[in-house]
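Residue numbers (full-length UniProt numbering), protein chains in the order written: chain A, 1 to 427; chain B, 1 to 223.
Be aware that one or more of the hints could be misleading.
[As the list claims (entries may be wrong)] Simulated restraints on C-beta separations: (1) A:GLN207 - B:THR194: 19 to 25 angstroms; (2) B:ASP61 - A:GLN207: 21 to 27 angstroms; (3) A:ALA314 - B:PRO55: 49 to 55 angstroms.
[To be verified] Stretch-level coverage of chain A by chain B, calculated; a stretch enters the list once three of its residues show a Cβ under 8 angstroms from a Cβ in chain B: (4) 3-14; (5) 231-241; (6) 294-304.
Calculated from the structure, these hints are not laboratory results.
A virtual CB, placed ideally from N, CA and C, is assigned to each residue, including glycine.
Read off the chains here:
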Amino acid sequence: MKLASKYNRVNLITSLVVLLFTGVIYYVVIHFILTEKLDRDLGVEEDEIKQYVKTYQQLPLPASYLDQQIYYRPLTGNVTETRDFKYTTFYNPKDKEMEPGRSLVTIVFLKNKPYEVNITKSRVESEDLVRIILLITLGVTGILLISLILINRFALTRLWKPFYKILLQMKDFNLTKMNEITYSKSDIDEFNELNESANLMASRVKQDYKDLRNFTDNASHEMMTPLAIINSKLDTLLQNGPFTEEQGIILDDIYKATGRLSRLNQGLLLLTKIENNLVPDIQVIALNELLEEKVRLFKELAENEKITFHLNLAAVKVNMSKYLADVLLNNLLSNAIKYNFKGGQIWIVLDQDSIQISNTGNDGEMDLNLFSRFAKSANSEGMGLGLAITKQICSLYNFSLSYKFETQKHWFSILFKNSDKAKVLHR
Amino acid sequence: MKILIVEDEYQLLESMKAYFAEAGTICETASNYAMASEKIALYDYDCILLDLGLPDGEGLDLVRKIRSLKKKDGILIISARHSLDDKLNGLDLGADDYLVKPFHLSELKARVTAIVRRKNFDGTNEILFNELTVDLSSMKTAVNKIPVVLTKKEYDLLIYFLSNKGKVVSKNAMAEHLWGDEMDIADDFDFIYTHVKNLRKKLVEAGALDYLKSVYGIGYKFG
Numbered sequence: 001m002k003l004a005s006k007y008n009r010v011n012l013i014t015s016l017v018v019l020l021f022t023g024v025i026y027y028v029v030i031h032f033i034l035t036e037k038l039d040r041d042l043g044v045e046e047d048e049i050k051q052y053v054k055t056y057q058q059l060p061l062p063a064s065y066l067d068q069q070i071y072y073r074p075l076t077g078n079v080t081e082t083r084d085f086k087y088t089t090f091y092n093p094k095d096k097e098m099e100p101g102r103s104l105v106t107i108v109f110l111k112n113k114p115y116e117v118n119i120t121k122s123r124v125e126s127e128d129l130v131r132i133i134l135l136i137t138l139g140v141t142g143i144l145l146i147s148l149i150l151i152n153r154f155a156l157t158r159l160w161k162p163f164y165k166i167l168l169q170m171k172d173f174n175l176t177k178m179n180e181i182t183y184s185k186s187d188i189d190e191f192n193e194l195n196e197s198a199n200l201m202a203s204r205v206k207q208d209y210k211d212l213r214n215f216t217d218n219a220s221h222e223m224m225t226p227l228a229i230i231n232s233k234l235d236t237l238l239q240n241g242p243f244t245e246e247q248g249i250i251l252d253d254i255y256k257a258t259g260r261l262s263r264l265n266q267g268l269l270l271l272t273k274i275e276n277n278l279v280p281d282i283q284v285i286a287l288n289e290l291l292e293e294k295v296r297l298f299k300e301l302a303e304n305e306k307i308t309f310h311l312n313l314a315a316v317k318v319n320m321s322k323y324l325a326d327v328l329l330n331n332l333l334s335n336a337i338k339y340n341f342k343g344g345q346i347w348i349v350l351d352q353d354s355i356q357i358s359n360t361g362n363d364g365e366m367d368l369n370l371f372s373r374f375a376k377s378a379n380s381e382g383m384g385l386g387l388a389i390t391k392q393i394c395s396l397y398n399f400s401l402s403y404k405f406e407t408q409k410h411w412f413s414i415l416f417k418n419s420d421k422a423k424v425l426h427r
Numbered sequence: 001m002k003i004l005i006v007e008d009e010y011q012l013l014e015s016m017k018a019y020f021a022e023a024g025t026i027c028e029t030a031s032n033y034a035m036a037s038e039k040i041a042l043y044d045y046d047c048i049l050l051d052l053g054l055p056d057g058e059g060l061d062l063v064r065k066i067r068s069l070k071k072k073d074g075i076l077i078i079s080a081r082h083s084l085d086d087k088l089n090g091l092d093l094g095a096d097d098y099l100v101k102p103f104h105l106s107e108l109k110a111r112v113t114a115i116v117r118r119k120n121f122d123g124t125n126e127i128l129f130n131e132l133t134v135d136l137s138s139m140k141t142a143v144n145k146i147p148v149v150l151t152k153k154e155y156d157l158l159i160y161f162l163s164n165k166g167k168v169v170s171k172n173a174m175a176e177h178l179w180g181d182e183m184d185i186a187d188d189f190d191f192i193y194t195h196v197k198n199l200r201k202k203l204v205e206a207g208a209l210d211y212l213k214s215v216y217g218i219g220y221k222f223g
């Protein structure tokens, strides 16, 4: 729920409750006050009648005015003195209609004979007053609610505009693009502060990213140079034969170890690069063509193993780095060959949603730990980075990589959940 | 052939110099930006081997400088940074090729030879070696003028060997040359053997001398 609508809801509910409550109190209090006033008027009338009876020893004439009627009724028997206010109806002779009224019933004694006096006053004016007050209250409530809704809808949206602008830019913020979070200064302190903080964070992240990149570069340089020296010295040594067969074997071992070390170093650097999204050459890649090319290359390498390839490739395009696409397919295909047996088979199925590479193998199910760095199976000659790199590339592009061992086959499948692919396809 | 090696690592510089030292090749060296800059201004080279990471300057600036002087020297960038940006920048600025450390000297020699060959292209783009003729523009090979049909890999291997005549080339270097260093497939290079065997067989059957010798099981020597 958006902040504005949440705030709206709370605001509206509170206003409604408060206004209704006030309305009710208003009504009750005003009603009470007006009734009090009527009663007081009735009391004054009663006093006048009693005074009149005392002075003149006779009842005043039953009078019927516009808003007041008085009746007398002789009572018989034992009568106790009572004084009673009650709501009644009042006949308005002018308009010839019944109106709400308030009456006071009291007893006067004339020559020791009790008479009941009934004084009734019309309540219509006070009722009208109460009704008008109620209507005004309701009207004000309505206007207030409507203006609140309008304020929320228009003013709040405009007020929050700078916030959404910053938010949008933060969403679009891409380290590799090194874009700034721009902002037109608003007169709201909070948003200015937010913008400053966002920019501060972005610049700090950028600095860290730059440092990391520098570190990657430096680490690469520092390690590659000694490796280059070892390599070149070995090449030089090789020219200065003759060597015995034993020395030859030793030299060969050193060559292999050096090769492994440099591949390891390159693998590590690549992993760091992918993790930090330092591989920018994203382009549209025809996966089927790339796969065919790779299979041609690997067929030569797998010739000695008599491994056969079965391809079922649909024309699929994805958006990714060419370099990483190469690495990804190299890793998967070389694994399919490495963990195969002589005369084995490899199946590659490519469709719009996924790529599946399966191969015969006799090692049984692979340990899923192999997806982490430096984990490798006991008989592996690799350096244990291949699958970690594969996994990292997949997560960079939001592909999901899965593995299973079924019907004596290793199955690797990559699901392109990536929306980039859809974009390319629908273009 | 006159080349200039710009490299700040003394050990590497020495190895490269020693590998290139042969009759007909003049090899000069520079170990920093200032020295390289001076030599580039004064002399012409067939190829300049340029390390990007110099202590007193940015290697890419040297490329800019060479090109701004309108010199035709071939440029091979050597970098420890396996960075696509660097590669693209370098090639955009006018470098001819790009090699990442660590590399094999035989690979370096093959690349430099290719650059020099392209620079000195005089109409007959052919490599002659005794009875062997390789026409680089049509990618055709002949022994005593009789054509020999080679596969792409065999042809690549032959060019590689011709660039490294008289040197022992390790199987490791050959594998990387033919398949690239990303092919982390296996440490034994049996598949190299098949290609070398076929190449040798085709050349010998066409009447060439057997120039290919296996050396200590580590590699091969041509010539």
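Hints and how they fare:
1. A C-beta distance of roughly 53 angstroms is found between GLN207 (chain A) and THR194 (chain B), which places it outside the suggested range of 19 to 25 angstroms.
2. Distance hint check: the CB atoms of ASP61 (chain B) and GLN207 (chain A) are about 25 angstroms apart, consistent with the given range 21 to 27 angstroms.
3. At roughly 53 angstroms, the beta carbons of ALA314 (chain A) and PRO55 (chain B) sit within the given window of 49 to 55 angstroms.
4. Here the stretch 3-14 of chain A counts 0 residues with a CB under 8 angstroms from a CB of chain B, which misses the bar of 3, and the coverage is violated.
5. Counting residues of the stretch 231-241 of chain A whose C-beta sits closer than 8 angstroms to any C-beta of chain B gives 9, which meets the bar of three, so the coverage hint holds.
6. Under the rule that three or more residues need a Cβ within less than 8 angstroms of chain B, the assignment of the stretch 294-304 of chain A holds, with 6 such residues.
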